[in-house]
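Trainee: Fit chain B to the known structure of chain A by using the hints.
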Amino acid sequence: MCGDPSTLEGFQWLICYLSTGKHQKFYMSFLVVIGLLIAVAPLALAMGFGGALAKRSKILPLRWLGSLYTNMVRGIPDLIFFLFVPIALDQLFEMIRHKIKCPEVTDPIYQGNDFVVCAAAKLPLGNADAWVHNVYGFVMACIAFAIVFGAFAANTIDGALRAVPEKQLETARAYGMTERQTFWRVQLPQMWGYALPGLSNLWMILVKATPLLFLLGIEDIVYWAKELGGFKSDRFDYPHPDWRAYYFAALMVFYLLTTWVSEKFFIRLNQRVNVGRVGGEL
Amino acid sequence: MKKIALGTIVLALAAGTAAAQDVRMGTEGAYPPYNFVNDDGEIDGFERKLGDELCERAGLTCTWVKNDWDSIIPNLVSGNYDTIIAGMSITAERDEVIDFTQEYLPPDPSAFAALAGSTPDLEGGVIAAQSATIQASFVASSGATLVEFATPDEAVNAVRNGEADAVLADTAFLAEMVDGGDMEFVGDPVYIGGGVGMGLRESDADLKAKFNDAICSMKKDGSLAKLVAEYPELPQGKPADC
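Top to bottom, those sequences are chains A and B. Residues in the first sequence are numbered from 1 upward in steps of one, following our numbering. Residues in the second sequence are numbered from 1001 upward in steps of one, following our numbering.
Hint data in this document are derived by calculation from the structure and do not stem from the laboratory. Incorrect hints may have been included.
[Claimed, not checked] Partial selection, computed: residues in chain B whose CB lies under 8 Å from chain A:
1) Val1037
2) Thr1091
3) Ala1092
4) Asp1095
5) Pro1106
6) Asp1179
Computed from a predicted model, the values in this text were never measured in an experiment. The beta-carbon is built from N, C-alpha and C at its ideal position, and this holds for glycine as well.
Excised from the complex, chain A in its bound form (with noise of 0.2 Å):
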């Protein structure tokens, strides 16, 4: 049916060249940002948690770590951070396994402005699949975004725990309850409802944040809209005008539906975190 682009015309136009491969990418690219904020917020909220457990430790170095890691994020622009992470991570993944799977290489590692490790050290090697590659820039992503957003999460987290008046805890105490048992059985449940205002927020920022990810070399959404919507000259099978108002248009779309379906879950999420808290309801 799209045989020769140039013969068409009109809404079989529209439909062949809404339904050509690089649409297709594009396409895609929604369940990859999908995807990773489905993956980031489970991650991001236990790092979140680990961090406000590190902060309210009695271990003294622990809470130093905790105070380091939450304040060392806050403090770096995000953009670096997601620089940073990856490109370190990989250059150390990759060193490991240059001392592991390459003894027998005596070349410094750093030579010059190279990075140099032996081919079987790469990761992933030179030879796998483009997915294999995509997936490994995913969890990348990933983990950089899980650190960022851990650390805010975990300012939140902490807050919230101390939120929880003090008098539920001393009457927890007064029945006799142990340390761990008040922590578990009366602060961590009521803490919910205080950090549910801040967590929306962050998963707001998260889902806004996506873009990024055509930084850590990940086709995103934003990354194939301008590429699409971009003048196409008659080398291409389908020329076009600058059409990149219309992709942006249709991405905010996007971005709006996103936000109201977090929105509604939300609502439904604190009603329920709140049942019997008193001062709770909404």
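Mentor: Leaving out everything else, chain B in the frame of chain A:
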């Protein structure tokens, strides 16, 4: 007999590993006709065809990788891919960081383009260029005000939006962009930069020799000139002998 069989296997294995050197080719994918992403979402253009042919001649298995222009050199030296084949001019500054093969295209003169009918001030006006290009450094050292963009496409669009008076870029790329009719070439071409070659890590002398041999053989049998002729926008002059 056994020894001979064993010897054959060893030979076959050695040959197998030698033939299967995998090379990742890094390109920008946003600079027609040099390299761009076609409607199927694949890397296409002059350099795609050239690169595939060079790899075949050198007996390499090549895969293509797309990378932003801004970080195309850092990602080469940190080993994300093994070559840059992205219409990159050979300049002394770049040569300090990476190595180049011999040129496969002679220098492409840079040209200014502006909105059709306008008469921009090329010496004192606002000129758009892609960042980290020879054109950007040329404008920066001239009297004009430089506005830089990450992609060549955006630099051209800055003129269409009225953000810049004119854009400075390679003639071959601009020829493609003024195709729409709303823009035209203005002023005289500017001769900056050397020929176009492939970039490689300085520590990768073997690979450089392989690609140099392959480029040389394409120059000698005339197949390079034939390939360039398929893209009339490209500089059609003879690249330096090997």
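Trainee: Quick check on the hint: Ala1092 (chain B) CB to chain A CB, less than 8 Å?
Mentor: 15 Å, violated
Trainee: Can you verify the interface hint for Pro1106 (chain B): is its Cβ closer than 8 Å to any Cβ in chain A?
Mentor: For Pro1106 (chain B), the interface hint is violated, since the closest Cβ of chain A sits about 22 Å away, which is over 8 Å.
Trainee: Regarding the hint that Asp1095 (chain B) lies at the interface with chain A, is the smallest CB-CB distance below 8 Å?
Mentor: This hint is violated: Asp1095 (chain B) lies away from chain A, its Cβ roughly 12 Å from the closest one there, beyond 8 Å.
Trainee: Next item in the hint list is Val1037 (chain B). Is there a CB on chain A closer than 8 Å to its CB?
Mentor: Status holds, d = 6 Å.
Trainee: Interface hint check: Thr1091 (chain B), Cβ to nearest Cβ on chain A, cutoff 8 Å. Holds or violated?
Mentor: Given a least distance of 16 Å, the restraint on Thr1091 (chain B) is violated.
Trainee: Have a go at the Asp1179 (chain B) hint: is there a Cβ in chain A nearer than 8 Å to its own Cβ?
Mentor: 4 Å, holds
Checked against the numbered hints above, the structure breaks hints 2, 3, 4 and 5 and satisfies the rest.
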